[in-house]
Amino acid sequence: MHAPSPDGQARLYARRADIFPRAIGGFYRRLKWAVMVATLAIYYVTPWIRWNRGPYAPDQAVLVDLAHRRFYFFAIEIWPHEFYYVVGLLVMAGIGLFLVTTTVGRAWCGYACPQTVWTDLFLHIERAIDGDRNAQVRLRKAPWSIAKASRRLLKHGLWLGVGLVTGGAWVFYFADAPTLAHNFVTGQAAYVAYATIAILTATTYVFGGFMREQVCLYMCPWPRIQGAMLDERSLIVTYKDWRGEPRSHGLKRSETSGDCIDCQACVQVCPVGIDIRDGAQFACITCALCIDACDQMMAKIDRPRGLIDYATLEDCKAEAAGAKPVPIRRTILRPRTIAYFSTWGAVGLAMVFALGARTRLDLAVGHDRNPLWVQLSDGAVRNAYTIKIRNMESRARPVALTLEGLPGAAMWDSLTDDHRAARALGFVIAPDQVDTHRIYVRAPATGGQDFAFLLRAQDQQRTHVRVAARFERPEIQP
Amino acid sequence: MTERKIDEATGVPTMGHEWDGIQELDNPMPRWWLLTFYACIIFAIGYCIAYPAIPLLHRATAGMLGWTSHGQLAEETAKAEAARAATKAALAKVDIATLDPQSPLMRAAIEGGRAAFKINCAACHGAGAAGAKGYPNLNDDDWLWGGTRADIHQTLIHGIRQPGDDATHMSRMPAFGRDGILKADDIDDVVSYIRLVSRQERANASSARGAKLFATNCAVCHGNDARGGRQFGAPNLTDGIWLYGGDRDTLTATVANARYGVMPAWGVKLDPATLNMLTAYVHSLGGGE
Numbered sequence: 000m001h002a003p004s005p006d007g008q009a010r011l012y013a014r015r016a017d018i019f020p021r022a023i024g025g026f027y028r029r030l031k032w033a034v035m036v037a038t039l040a041i042y043y044v045t046p047w048i049r050w051n052r053g054p055y056a057p058d059q060a061v062l063v064d065l066a067h068r069r070f071y072f073f074a075i076e077i078w079p080h081e082f083y084y085v086v087g088l089l090v091m092a093g094i095g096l097f098l099v100t101t102t103v104g105r106a107w108c109g110y111a112c113p114q115t116v117w118t119d120l121f122l123h124i125e126r127a128i129d130g131d132r133n134a135q136v137r138l139r140k141a142p143w144s145i146a147k148a149s150r151r152l153l154k155h156g157l158w159l160g161v162g163l164v165t166g167g168a169w170v171f172y173f174a175d176a177p178t179l180a181h182n183f184v185t186g187q188a189a190y191v192a193y194a195t196i197a198i199l200t201a202t203t204y205v206f207g208g209f210m211r212e213q214v215c216l217y218m219c220p221w222p223r224i225q226g227a228m229l230d231e232r233s234l235i236v237t238y239k240d241w242r243g244e245p246r247s248h249g250l251k252r253s254e255t256s257g258d259c260i261d262c263q264a265c266v267q268v269c270p271v272g273i274d275i276r277d278g279a280q281f282a283c284i285t286c287a288l289c290i291d292a293c294d295q296m297m298a299k300i301d302r303p304r305g306l307i308d309y310a311t312l313e314d315c316k317a318e319a320a321g322a323k324p325v326p327i328r329r330t331i332l333r334p335r336t337i338a339y340f341s342t343w344g345a346v347g348l349a350m351v352f353a354l355g356a357r358t359r360l361d362l363a364v365g366h367d368r369n370p371l372w373v374q375l376s377d378g379a380v381r382n383a384y385t386i387k388i389r390n391m392e393s394r395a396r397p398v399a400l401t402l403e404g405l406p407g408a409a410m411w412d413s414l415t416d417d418h419r420a421a422r423a424l425g426f427v428i429a430p431d432q433v434d435t436h437r438i439y440v441r442a443p444a445t446g447g448q449d450f451a452f453l454l455r456a457q458d459q460q461r462t463h464v465r466v467a468a469r470f471e472r473p474e475i476q477p
Numbered sequence: 000m001t002e003r004k005i006d007e008a009t010g011v012p013t014m015g016h017e018w019d020g021i022q023e024l025d026n027p028m029p030r031w032w033l034l035t036f037y038a039c040i041i042f043a044i045g046y047c048i049a050y051p052a053i054p055l056l057h058r059a060t061a062g063m064l065g066w067t068s069h070g071q072l073a074e075e076t077a078k079a080e081a082a083r084a085a086t087k088a089a090l091a092k093v094d095i096a097t098l099d100p101q102s103p104l105m106r107a108a109i110e111g112g113r114a115a116f117k118i119n120c121a122a123c124h125g126a127g128a129a130g131a132k133g134y135p136n137l138n139d140d141d142w143l144w145g146g147t148r149a150d151i152h153q154t155l156i157h158g159i160r161q162p163g164d165d166a167t168h169m170s171r172m173p174a175f176g177r178d179g180i181l182k183a184d185d186i187d188d189v190v191s192y193i194r195l196v197s198r199q200e201r202a203n204a205s206s207a208r209g210a211k212l213f214a215t216n217c218a219v220c221h222g223n224d225a226r227g228g229r230q231f232g233a234p235n236l237t238d239g240i241w242l243y244g245g246d247r248d249t250l251t252a253t254v255a256n257a258r259y260g261v262m263p264a265w266g267v268k269l270d271p272a273t274l275n276m277l278t279a280y281v282h283s284l285g286g287g288e
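Taken in sequence, the protein lines are chains P and R.
Heads up: the first sequence at position 267 corresponds to 266 in numbering that gives the first Met the number 0, and the numbers run straight through without jumps.
Heads up: the second sequence at position 3 corresponds to 2 in numbering that gives the first Met the number 0, and the numbers run straight through without jumps.
Since the hints were made in silico from the structure, they are not lab data.
Here a beta-carbon is modelled for each residue, glycine too, at the ideal position from N, C-alpha and C.
Any given hint might turn out to be false.
Below, in silico cross-link-like pairs of lysine to any residue (SDA-like), each with a Cα-Cα straight-line distance of 20 Å or less [claimed, not checked]:
id, chain 1, residue 1, chain 2, residue 2
1, P, K387, R, E110
2, P, K387, R, Q101
3, P, K140, P, R150
4, R, K117, R, Y134
5, R, K132, P, E474
In silico negatives: residues of chain P with every beta carbon more than 10 Å from chain R [unchecked claim]:
id, residue
6, Y12
7, G130
8, C262
9, A279
10, A322
11, L414
12, T462
The following block holds chain P by itself, in its conformation from the complex (with noise of 0.2 Å):
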């Protein structure tokens, strides 16, 4: 990357030196395609399916709308009090991160993260219109002509064209996608819809034709994380030195040369700018294209395979004393991986469970504090509950509210004129709607306090909630 000025002296800033990766096939090439196509169809794509929820909702499958508080995903209809799911969402990312980093080292930088996948839509961009690394190199040394000018007219507007499309399918995610759609290129969008593609837009173009590996190497603190994550049991990109040393290439090669001819082929694929030779390191995000390099040049030169290889530090060790590699089930499978692996289902398996007993009808009782209670004129007394009817189901529900315990008390709206109390009030609660109501409660001066308002749907699936309340009466005067 950046090496000392030549007097030794440390230099103020480091340029960022041009990385002009050549493109390689092979097994990894392909892998890291069918990953890139299937991430960025899922990204593009998923704004546009649809998904009946009937009158009430948006049919939209994945919405984050904002606006009415509410998360969309296909069948699952979040809402806020409900963000817990997004958090165990987060805890599984998290504890996912662990689990790949341990078996397969930083899988997720080289192949899934979006700044690799942008990274490398870029890279494929400018190859189709600059050619391929050499051809890159004798460009970006070629006088300005009108020929270079208009093919770095081309990568840029082409680049630029991929960040609108990217801003643009991230704000189809908060918003009606056909409509937004339509009124964006009419003109018609909201403010805040243009300034997110603008800033979008900008980011992706810089991150993807200009960032790139610095990103990775200064913006993003995993490289560092994963110093933690790692261990000598972990899968990562590894030369084999044992095998490749002394490298030598042409006349120089004799009978102790090792496999390693010097070629560079490692190093002019990567697209960090690294030299994978050098041992592990905190650049390398595991992209694996060296591998491929290698394996090419290793059948030319009739070598096996694997110079450079997916190994974890303890084979090469073992292979290097001349002993046998764990078999790779062994790798996978260690009371680590595992102990992770039961981390993550258990909370997956957790909100699954969750979410399939959870009721679309909640009730959430407030006690008025001030005043706690009220003295009435006849001796009774009088404590006022503020409730909270959800309704999370698109479709209009009778309920019925009832008191269960605390003989002799009675309740009624505080909306109501009449004041008839009842043990049992009714309300239709409209779809997709939380209704509030001051409930007051009027019960003897003596009694027990614990008592319970009972919330029962009047439909066919009488769905129940019980919320246990108290009730608060003045202390007797000795």
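For chain P, the structure is supplied; the task is to place chain R on it using the hints.
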């Protein structure tokens, strides 16, 4: 500069510091990082010119854009006022006594009244309207001057014992002790009787004497059954609710010196919409009739 140490493993100069064998490398920053840093400095300078930034002796520099937090607040308040204007206009015109209690306008009135109460009324009646000694609890079902929306509206506009307001609620209980109408022993007997009808004491000779004194002195306003009379604002003496207290000492003081609680006539101070909102809110507190 002196010769700098070079870290053997990386070939990078060190800062010359060492902690437990760990050395700090002196890696150069990436250029884009430095440029971003300079860009932030330039932005900060521009920001200081555009917005209030530098504190001086009496005030800060104003900034070219003329933005102030007070101005922003005023702007947003005006926006909120404009959004509420239609509702407030409707509330100013409506007859709150006959407004449908379930209507959206009534809900708006109650919410508006909740806020207006905190500003105008909470000083005496408390934030929860639970009152205090001498200041009635507005949550209960015991009303001196009536608990319908029309009654509450009337009380709000004209107040209680408000000088200069002809329609104000006015009543004067005689100070039976101070004015020499009743002797101390008589007052004691009357108090015994009041504590009997409010079921705080058992009947005895004193309360029997007090009953006769009550019939001649008090019943004209408080009623023969001591249940009070709203046309005089005379409280019900038989229930468990006391404005000043139902114990012997407080009752003795009340009978001897009388009580003349006051409330301002809010009609001259508040606009019709706010009066309607306060009426709706107080009525919704649970004791509304």
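Each hint, compared with the structure:
{"no.": "1", "hint": "P/K387 to R/E110", "in the structure": "17 Å, holds"}
{"no.": "2", "hint": "P/K387 to R/Q101", "in the structure": "17 Å, holds"}
{"no.": "3", "hint": "P/K140 to P/R150", "in the structure": "14 Å, holds"}
{"no.": "4", "hint": "R/K117 to R/Y134", "in the structure": "15 Å, holds"}
{"no.": "5", "hint": "R/K132 to P/E474", "in the structure": "18 Å, holds"}
{"no.": "6", "hint": "Y12", "in the structure": "5 Å, violated"}
{"no.": "7", "hint": "G130", "in the structure": "26 Å, holds"}
{"no.": "8", "hint": "C262", "in the structure": "24 Å, holds"}
{"no.": "9", "hint": "A279", "in the structure": "13 Å, holds"}
{"no.": "10", "hint": "A322", "in the structure": "28 Å, holds"}
{"no.": "11", "hint": "L414", "in the structure": "6 Å, violated"}
{"no.": "12", "hint": "T462", "in the structure": "26 Å, holds"}
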